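Reminder that position 61 of the sequence shown reads as 242 in the working numbering, one-by-one numbering, no gaps.
Be a bit skeptical, because a hint or two may be false.
Stated by the list, open to error - Here are the computed distance ranges between Cβ atoms for each label pair:
1) Pro311 to Ala258: 47 to 53 angstroms
2) Pro311 to Arg291: 32 to 38 angstroms
3) Arg248 to Arg292: 48 to 54 angstroms
4) Asp286 to Tyr349: 22 to 28 angstroms
5) Pro278 to Ala331: 26 to 32 angstroms
6) Glu254 to Pro287: 37 to 43 angstroms
Don't read these hints as lab results, they were simulated from the structure. In this text the structure is predicted, and so the values were computed from the model without any measurement. Backbone N, C-alpha and C define an ideal beta-carbon position, used for all residues, glycine too.
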Amino acid sequence: MIDGVRAIVDSVVPLAAAVGVLGHLCWIGIRRGGMGAAGLNRLRGALVPLRERLESESEALRDLRCRSEQAQERLTAAEQRIQQMERQIAALEKAPPVFIHTRGDPGTNRRPFRAEVSFDATAARAAGRPVSPVWRYGNRLVIHTIDMTAARREADHLFPEKGGYKTYFHASALH
182 MIDGVRAIVD
192 SVVPLAAAVG
202 VLGHLCWIGI
212 RRGGMGAAGL
222 NRLRGALVPL
232 RERLESESEA
242 LRDLRCRSEQ
252 AQERLTAAEQ
262 RIQQMERQIA
272 ALEKAPPVFI
282 HTRGDPGTNR
292 RPFRAEVSFD
302 ATAARAAGRP
312 VSPVWRYGNR
322 LVIHTIDMTA
332 ARREADHLFP
342 EKGGYKTYFH
352 ASALH
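Based on the provided sequences and hints, a complete structural model is requested.
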């Protein structure tokens, strides 16, 4: 009987010890798991502000990129306008000047009459009179008067035909 009890005890004690060790390991695992879960929750809690910061900085970066692209577009457009203006300036520098002679003030009852004026410089030089360099270029006349008759009279007074001047009124001024 003692052998039977000893056999039972010999087989139960290691089993009980194994169950005890297994229980202890489970208890340690649960405790560490709970601590790990708590640590994981703390990490998740610490990540939330970092994610929010990442999202806000990503949004700010997208906004800055958009503004940068818009500024680049405006810069390109301004550079194109500058190049166009430089071409226009170059063309204007090559073109001869046009002198505009104005007479009268614009008013409600006055219309602008336009004319081309030329000067016979060869006749003036032949007569020994000095010729202004202005007459080498185009000369236009703008007279603000009530009608064409008054405009012709004013043009004749300013640039008399006897003085070597010729005045040609534009067709649009005749209507």
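Okay, the hints, checked on the actual structure:
no. : hint                                 : in the structure
1   : Pro311 to Ala258: 47 to 53 angstroms : holds (51 angstroms)
2   : Pro311 to Arg291: 32 to 38 angstroms : holds (35 angstroms)
3   : Arg248 to Arg292: 48 to 54 angstroms : holds (51 angstroms)
4   : Asp286 to Tyr349: 22 to 28 angstroms : holds (24 angstroms)
5   : Pro278 to Ala331: 26 to 32 angstroms : holds (29 angstroms)
6   : Glu254 to Pro287: 37 to 43 angstroms : holds (41 angstroms)
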